[in-house]
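Chains as they are written, first to last, in the working numbering: chain W, 19 to 421; chain P, 19 to 421; chain D, 19 to 421.
Hints are computed from structural coordinates only; laboratory data are not their basis. Do not take every clue at face value.
Stated by the list, open to error - In silico negatives: residues of chain W with every beta carbon more than 12 Å from chain D:
id, residue
1, E34
2, T35
3, Y64
4, E253
5, K379
To be verified - Taking beta-carbon pairs under 7 Å as the criterion, some of the chain D residues facing chain P (in silico):
id, residue
6, D99
7, Y308
8, A350
9, T352
Quick caveat, the model's predicted, so the values are computed rather than measured. We put the CB at the ideal spot given by N, CA and C, even for glycine.
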Amino acid sequence: MSAAVMGCVTGFLTYETTKSVVVKSWSVGIINRVVQLVIITYFIGYVFLYEKAYQVSDTAIESSVITKVKGYGKLNNRVMDVADYIYPPQGTGMFCILTRVIVTDNQFQGRCAESDRKFECETDAHCTPHIGSVISNGIITGLCHKSLNESKGTCEIEGWCPAENDQVKIEPMVEFKGFTIFIKNSIRFPLFDVTRGNFPPTMNIKNCSNSEKDPFCPIFRVADVLKETQQDPTELAMKGGEIGINIQWQCNLDENIENCVPKYSFRRMDAPFEKNKVSTGYNFRYAKYYKTENGTEFRMLQKAYAVRFDVMVTGKAGKFSLVPTVINIVAALTSIGMGTVLCDIILLNCLNGADRYKAKKFEEVMEDQKMQPITPSPGSQRSLKPGMKSSGDSGAISLSISD
Amino acid sequence: MSAAVMGCVTGFLTYETTKSVVVKSWSVGIINRVVQLVIITYFIGYVFLYEKAYQVSDTAIESSVITKVKGYGKLNNRVMDVADYIYPPQGTGMFCILTRVIVTDNQFQGRCAESDRKFECETDAHCTPHIGSVISNGIITGLCHKSLNESKGTCEIEGWCPAENDQVKIEPMVEFKGFTIFIKNSIRFPLFDVTRGNFPPTMNIKNCSNSEKDPFCPIFRVADVLKETQQDPTELAMKGGEIGINIQWQCNLDENIENCVPKYSFRRMDAPFEKNKVSTGYNFRYAKYYKTENGTEFRMLQKAYAVRFDVMVTGKAGKFSLVPTVINIVAALTSIGMGTVLCDIILLNCLNGADRYKAKKFEEVMEDQKMQPITPSPGSQRSLKPGMKSSGDSGAISLSISD
Amino acid sequence: MSAAVMGCVTGFLTYETTKSVVVKSWSVGIINRVVQLVIITYFIGYVFLYEKAYQVSDTAIESSVITKVKGYGKLNNRVMDVADYIYPPQGTGMFCILTRVIVTDNQFQGRCAESDRKFECETDAHCTPHIGSVISNGIITGLCHKSLNESKGTCEIEGWCPAENDQVKIEPMVEFKGFTIFIKNSIRFPLFDVTRGNFPPTMNIKNCSNSEKDPFCPIFRVADVLKETQQDPTELAMKGGEIGINIQWQCNLDENIENCVPKYSFRRMDAPFEKNKVSTGYNFRYAKYYKTENGTEFRMLQKAYAVRFDVMVTGKAGKFSLVPTVINIVAALTSIGMGTVLCDIILLNCLNGADRYKAKKFEEVMEDQKMQPITPSPGSQRSLKPGMKSSGDSGAISLSISD
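The shape of chain W in the complex, shown without the other chains (with noise of 0.2 Å):
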């Protein structure tokens, strides 16, 4: 019985390898090798090197942004400051600068004429089928709002009265251009625990502007973020826009941490809604609540025209990892082995000798040992028929020989 343990020992203890052959030509050789340093010099250079396959990554990347504007400007004869002109005032990663505000002051809830020359009326009849409509300045009553000894005149709304009037001119806070965003960015790779600011903390931020020869300072001018985005400010600050202000972090952890620093980049977001003939820019209402002395509430309608700023934060960081490292050796070892796909095609088929090479490789076994192979491949080795040469046959490969 020991024997027979013994010998399932054996059996499993065994070393299973290819058989090979071994082509000793120039021609497919030097083929064999270009192949393997085109195989080899891609996976090195761009896979690991350039993509960094060997790294696992994290882009699950968690931030966190606060921002403080500064600045003064003058907007309907009125200084304005940052508790004025910026909205939401908590001072996240999106916030607005107010750049030109269309007030309507002491709206009361009452009925009045609607402003808007849309919906001129001359009798009720003409204000029925604009009953519904979302483009008035309130619920359109359907009766026709005339002054005395008039004959025409505005459909009557209810709601907030008097109506806005939104095609008054009002100049912009052209101003905003001096304003500077100071940007407090801290983030964090949560699979590698690894917590960066945007600014060293030794770093004397005092007088800094951000810019090409101080590219870690986080204080910007508005003007400049413009400049790169390419607006006119002015323009921006009639119609009002969006600009993104990208913090991009791109982090090799295998290096010193200390390289890991943010890059900033502007764009308008709005960009392809430039080219519409409706709704370009950014605008929005809000309004200021007041009440009157006997309690009646009246309010302060705003439309705003604002410039938009996002922060956005991306970031990428990787680290040496042996799962991708190892699957990508693999890739590439098995990558290796394929180019002998290519130099087998050439080998079997355009060399001088392909029939011999071909009777070296091939061996060949039929389903039956009484069945004759029905078409007989020159050069392939009959190993059912000792001693039988083969057309085609170079008398160099066999494996049956008699001396």
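Since the structure of chain W is already known, use the hints to place chains P and D on it.
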């Protein structure tokens, strides 16, 4: 010496290919080709055509959303316009339409009775346990606040008085069904620097409404959105809730860029909590602040039930790239080679003449020439027993040599 | 002709398998099996079980967060409730608890003296350099504003007067430690259409508090959160800061969906800036606007130090899928095959009888029959010189057979 160098070069310029056994058998040949066909079909059909594994893809979409709501409603006998019912007003991807507001007007700082019946008391002792409560309407002072000649009262609070009573019945603003939401979404795939807007610049968006007929219209009626999410508008307006508007960009950049268009879908975001007994819906409190003539601040507290809309933009763009193509082709070719594993098992175990195939496929070499194999596996070559033919040996294969 | 077709079919229905050399050697056999075992263990243990490479994963989690804070505090002798200290009020994933507010009341548009000592002046000439300053409290007019009979003053500003003095000492609202934050988070994995809430519908959340004992309670005491982030509540309330609440969903959808539960973690977001001398903490300015009886607008400026909470939801769901499974199994099998590379090196170089193994593994074929190998590699087969034994030939390997 030149001969040695020459020899070295010749040694280097060799080409090594595996020696193969070609089995001319219909049965195993058919199996082999079928297995190969399945593998090729899988890779071409699923991996390459369906999963587009030949593309590099970018999911780090940069997106900008500007929204604008239009429409009028009536709440508490007041006409509500956009500036009244939209919060926050600046038209971002997340905004609330206030549908029901419980107003507690003219609140001043002071001390008064709690409004909630939970804080009922007869003596101060009943109020002591409530000190530190977070569900009261102010800081519980520990005193019992009773009207004259009443035996029961409620605990006294310090804070904004009078206390809010949120049990009053207020009809919701059902007109919100008719409101329209205009969504301006511009996206960018940073990897490919491709920028797209959610509607073409030439589109007439004045009077359109998004529907199956008009899938690229960026204006959505609230009623249509609610219909798709199977929500009852009146109940939603009563309790509040959250609706997600998903804009999906699936772009194949190997095709015409004009096919890179958005797909809209809608769903109730807080659906997992619909079955909850407590905390269904969505509401929040905020206040408007006023001043009396003599400068005392007072406020109007608002408990607002709202429908929160959340525009979420997701996307993926794919474009042909060499690296994934090569890696997947290698995987495909390797997998085809894997087919031989299955065929080998069949060939060497299940077919007639398996022993013969075995003998042909495997050549055996022992550790030491004098050592005998413990368990001679039938059909294996007896390289150590020159001249002796094993059973099953076809006579064609042998390593036995007699000089 | 049918014979030709038949031949073609027969030629197609062949099966090609590599010819193998089976080495019956304990030493190389053991090495072979050990290497294979290591590779298999690595793939099964690490790649498949730990990394779950057999799953397709979805990290594009859709998430909705609704928050609600409760509690009362006292600031500047006023009771603060949620409507007072939460900004923005609408209960999104990002909200601020105002902990210290520097109020500058009754500001009107006009001209007045700067409050900051940096703008001290004796003559107008001292103020000229400050024109255009962004750190003043208004637009520097260039005049020196002096009280009567005083030799020194500060530069005049145009803007909201009186100027803010943010050096006043205000005690923070320390009661915020006792506030509770209720977080309602519903998520969805779009790839698998799986929707989950952060607490089960049947849970009684009236009086719970998230802790180790009760990990699914969605109510968090601020003090507990700060404790986990190792922050001093009083200092945080003084200077402001940002706390990240991370909700992590790691879901294995091959298991019971009930195991797909959130994991909460907390950290100070602006930690990278803690060592900075300037710009630590978090504050922002906003204003409340009022009107006098005669319609003049005035405001109450607030510089608010706040603790900003940021609920971040990350997640990953995995589910079995064929593609990654097949690709990884192929990688595994290929890697097992790669073991032969190592074993071949040992076999052909380090073992006794390496020459014999070499001779067995490699068959040589020359470019041309008449051309002799320049450097006969010992042990290689001389297929072109039948019957001639090379030195080092063990006598066991040969292709010559004599019956």
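Outcome of the hint check:
A beta-carbon of chain D comes within 12 Å of the beta-carbon of W:E34; the shortest separation is about 5 Å. With a closest Cβ-Cβ approach of about 5 Å to chain D, W:T35 is found to fall inside the 12 Å limit, against its non-interface label. In this structure W:Y64 is separated from chain D by more than 12 Å, as the shortest Cβ-Cβ distance comes to about 20 Å. Remark: the non-interface label on W:E253 is consistent with the geometry, its nearest Cβ contact in chain D lying 24 Å away (cut-off 12 Å).
Chain D draws W:K379 into its interface by the beta-carbon criterion, the shortest separation being 8 Å against a cut-off of 12 Å. Checking D:D99 against chain P by beta carbon gives a least distance of about 6 Å; that is within 7 Å, so the hint holds. Among the interface hints, the one on D:Y308 holds; its C-beta lies about 5 Å from the nearest C-beta in chain P, closer than the 7 Å criterion. Restraint check, D:A350 versus chain P: the minimum CB separation of about 11 Å is more than 7 Å; hint violated.
A hinted interface residue such as D:T352 counts as satisfied when its beta carbon comes closer than 7 Å to some beta carbon of chain P; here the least separation is about 6 Å, so the hint holds.
Against the hints set out earlier in the document, violations occur for numbers 1, 2, 5, 8.
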